[in-house]
Amino acid sequence: MDVELRGITKRFGPVTANDNVNLTIRAGEVLGLLGENGAGKSTMMNILSGLYAPDEGEILIDGKPVRFEGPGDGIAAGIGMVHQHFMLVPVFTVAENVILGVEPTGRLDYLDIATARRQVRDINEKYGLQVNPDALIEDLPVGIQQRVEILKVLFRSAEVLILDEPTAVLTPQEVEEFFGIVKSLRDAGKAVVFITHKLHEILAISDRINVLRGGRITGEGDPKSLTENQLAEMMVGRPVSFDVARGPFKPGDTLLEVNDIVVLRDNDEVAVDHVSFHVRSGEVVGIAGVQGNGQSELIEALTGLMHVSSGEIDFLDNDITHASVRERHRLGMAHIPEDRHKSGMIGNFTIYENMVLDSYYEDRFSNGPNIKWPEVLRTAAQYAIDFDVRTPSVYLKADNLSGGNQQKMVVARELERVTKLVIASQPTRGLDVGSIEYIHGRLMNSRDEGDGVIIVSSELDEIMSLSDRVLVMFDGRIVAEFDAIAGPLDKNAIGLAMAGVAA
Amino acid sequence: MSDTTSQSSLTEKLLQRAAPGRAEFEDLVVVPIFAVIVALIVGAFIMLATAVDITTIGRSYVALLQGSLGSLNAVSETLTAAIPLVLAGLGLALGFRAGLFNIGAEGQVVVGGIAAVIVGFSMPGLPWIIHMPLALLAGAVAGGLYASIAGYLRAATGAHEVISTIMLNLISYRLLDYMLGLSWMQRPGRSDPVSKSVVSSAELPRLLTDIDPNLRLHAGIFLMIAAVIVVYWLLFKTKTGFEFRASGENPYAARYAGIRASLIIVLAMGTAGALAGLAGANQVLGVLDRTTPGFSAGIGFNAISVALLGRSHPIGVLFAGLLFGALEAGGRQMQVDAGVSIDLIGIIQSLIIVFIAAPLLVRAIFPWGFARPAGRRE
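Chain order of the listed sequences is A and B.
Under my numbering, the residue at position 501 of the first sequence is numbered 579, and the numbers go up by one with no gaps.
Under my numbering, the residue at position 275 of the second sequence is numbered 333, and the numbers go up by one with no gaps.
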């Protein structure tokens, strides 16, 4: 089945999300759709699956124009979407989830679960998905849950599969297996649309690539003849550098001294187990480790969000072991939290309110009990310009920004204060190249201006490209330290330390 | 040079407020208006179902309008009924903004009223300029402290404020019954539970007695207007208000931002209780002159509806309170003119809230009133 989008335009209020987009999807082919966050990829796919109605343009299936009135129409026409966030019932089995909404029923609404399981098994075998139809969703790892989502659309006889950022939640091994599944779908004659902002993935899996920027198709090409740099340029609209520019390494005085601290989780498990380290002015200390090895708790203890059971934290010669969050802010600690939605911003607040979320009390923004809103507004607009937060107005709710712009908003707020130590947790998770490059540059700026910087990331590449020193955490302890100044970092050795293999 | 001008024009552009969306307007204005209309229609059906004939139904709605807006006396009654609802509603709205679902306004009204009446009758001889503010203050402080108990329990132990405020309501009723039997509180020569009367120096003076001695509108209306302004200022212009709203919207982000959640909870509950206590004091000093069992008359519960209808916004609460005041004043007229029970007004008020809480239902009933059919946009 071939699908063609012709002259699709979609506006949300003043924002044009898709501007005269033409796109062809062919059977037996993987179409890679590349674009930054907010480029209009998701809008386009929501139009294709019937969730949105386009303002202009038409959709043709096998040459015949069709009109979708609601979300059911897309899948009825054979276009299935696998969302980035799964929509599964955790306490149901795989088979029950797959048939949900299109249950095979007998007389008196009898649920024919045996038929359902057989059908699920057939699809399983046909595409090599290897999912047990009787397993409970909550027991399955994320990678398998994703296959259940794919099973769901295949069960509804989809001929076109739209995969929205499918690898965002997968580990590198899972990505490999996932690519195998995509290829088997393609070889079985399905049309696959693979949406991502990761360059190496799109080159690895696509048969054809379309690049979207600012709601328009800005590039089209053959993955065999394109390089990552060319793609990045098409995507961002200017040459992108993958190397982080940095000044010479000039470490100064010790800013932060962590001495033998222990942090317990709510259930009294040891999260951080007698950790000691220090951070000097003008250096970037990267904390590497597989997620869940105590990095999050360590950061929360440093920033005052978690209680330190024993040990001591000194910051600028003050004992801050039990200081409040506010006191640490005042001393010049900036914190870019790992989950911006949960704690870094308030989605229902405007951009200008979010820009002063943790500095509204400072003298520059307040006067007695009053907040100086005109001053806040002016400053927020300035921050938005300085940090390239793309928004039509600072009065907009933060929820209406794309992920990259939300993160830039958070980073702007934290770095525009007078800082001494910047603690950045997963600063670029889920962001596109343009934003990543920008945020990395800003963090390096802080380092070159003499701040200490701590970076926690689950992306080892990010740690390696930014850090002057790398600490590896495993099971709550720092198990290894690597110096990037003495010589190039050994990725292999860091990887082994992350896995808990003693160096 | 051109760089700086383009920069400043960019700033200008970012500082332009986007025109309020059609959806926002619909949510804030169109839905409530339709909710009121639907509630009145359903109310008519209920009367019909209880064997009230059509002409009486027509007459009762005319009486509702006349009794709430039809004369100076009607307007005076509407405003008098609205004052405590707006005051207590503002307190609840403030709590909602801070993420606290305070069910205890009724109890706070009661203790506020008790405190105000005690100050009101026990200090004769004080000049009114001291006595009246003092009585009001006593009501506010008592309501504030009473609500703070629930706030403290929430902050210190995690006890949910919905449960604790409901229990505090029950305690306040019995406290009132008990105190009305105390010899220094009970009116001399009476065996039924009635408190002594407030002396005139503590009363909120009536404003329109020069026109007609029966007009009950009193100086509490200035209190109401002042409270709307103060709560607006507090919520949207101050650091404390920012902390309230941040805690209510996203407690994790508030904690991350260094806002002390426990302090905010106690503070927000205390302020909310003070406003409810003020509502109680207002009733005692402006309308009733004394306390009797059940003098609170459900103000604290109706105020929940007022706060919800007003979308927890001070201006919205003002209009919602005026509407509810009008329904109450008009309802009395309805009872007199058409013989329809005032309970019907309670039903209509509740229906309004049901329809407000179910905007999709209202959209489905009046599809032509809205930009696009319900549920199409994410």
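In case anyone wonders, no lab produced these hints; they're calculated from the structure.
C-beta: ideal position from N, C-alpha, C; glycine also.
Please note: incorrect hints may appear among the correct ones.
[To be verified] Covered, in the sense of this in silico footprint (three residues per stretch, anywhere, with C-beta under 8 Å from a C-beta of chain B), are these stretches of chain A:
hint, segment
1, 442–452
2, 477–487
[What the hints assert, rightly or not] The calculated lysine-lysine pairs, modelled on BS3-like cross-linking and capped at a C-alpha distance of 27 Å, are:
hint, chain 1, residue 1, chain 2, residue 2
3, A, LYS328, A, LYS302
4, A, LYS498, A, LYS328
5, B, LYS254, A, LYS450
6, B, LYS71, A, LYS450
7, A, LYS475, B, LYS297
8, A, LYS420, B, LYS295
9, A, LYS276, A, LYS569
10, B, LYS297, A, LYS498
11, A, LYS328, A, LYS261
12, A, LYS450, A, LYS498
13, A, LYS261, A, LYS276
14, A, LYS475, B, LYS254
15, B, LYS71, A, LYS475
16, A, LYS420, A, LYS475
17, A, LYS420, A, LYS328
18, A, LYS450, A, LYS475
19, A, LYS569, A, LYS328
20, A, LYS261, A, LYS204
21, A, LYS302, B, LYS71
22, A, LYS420, B, LYS297
23, B, LYS71, B, LYS295
24, A, LYS276, A, LYS420
Going through the hints against the structure:
1. 442–452: The restraint on the segment 442–452 of chain A holds, since 5 of its residues have a Cβ under 8 Å from chain B and three suffice.
2. 477–487: violated (count 0)
3. A:LYS328 with A:LYS302: 43 Å, violated
4. A:LYS498 with A:LYS328: 15 Å, holds
5. B:LYS254 with A:LYS450: 48 Å, violated
6. B:LYS71 with A:LYS450: Answer holds: LYS71 of chain B to LYS450 of chain A is near 20 Å, not above 27 Å.
7. A:LYS475 with B:LYS297: With a Cα-Cα distance of about 19 Å, the restraint between LYS475 of chain A and LYS297 of chain B holds, given a limit of 27 Å.
8. A:LYS420 with B:LYS295: 25 Å, holds
9. A:LYS276 with A:LYS569: The hint holds at about 21 Å.
10. B:LYS297 with A:LYS498: This hinted pair holds, its Cα atoms lying about 25 Å apart.
11. A:LYS328 with A:LYS261: 50 Å, violated
12. A:LYS450 with A:LYS498: 26 Å, holds
13. A:LYS261 with A:LYS276: 18 Å, holds
14. A:LYS475 with B:LYS254: 54 Å, violated
15. B:LYS71 with A:LYS475: 16 Å, holds
16. A:LYS420 with A:LYS475: 16 Å, holds
17. A:LYS420 with A:LYS328: Measuring from Cα to Cα gives roughly 36 Å; hence the hint is violated.
18. A:LYS450 with A:LYS475: 19 Å, holds
19. A:LYS569 with A:LYS328: 24 Å, holds
20. A:LYS261 with A:LYS204: 13 Å, holds
21. A:LYS302 with B:LYS71: Measuring from Cα to Cα gives roughly 43 Å; hence the hint is violated.
22. A:LYS420 with B:LYS297: Holds - the C-alpha atoms of LYS297 of chain B and LYS420 of chain A are around 22 Å apart, at most 27 Å.
23. B:LYS71 with B:LYS295: 23 Å, holds
24. A:LYS276 with A:LYS420: 24 Å, holds
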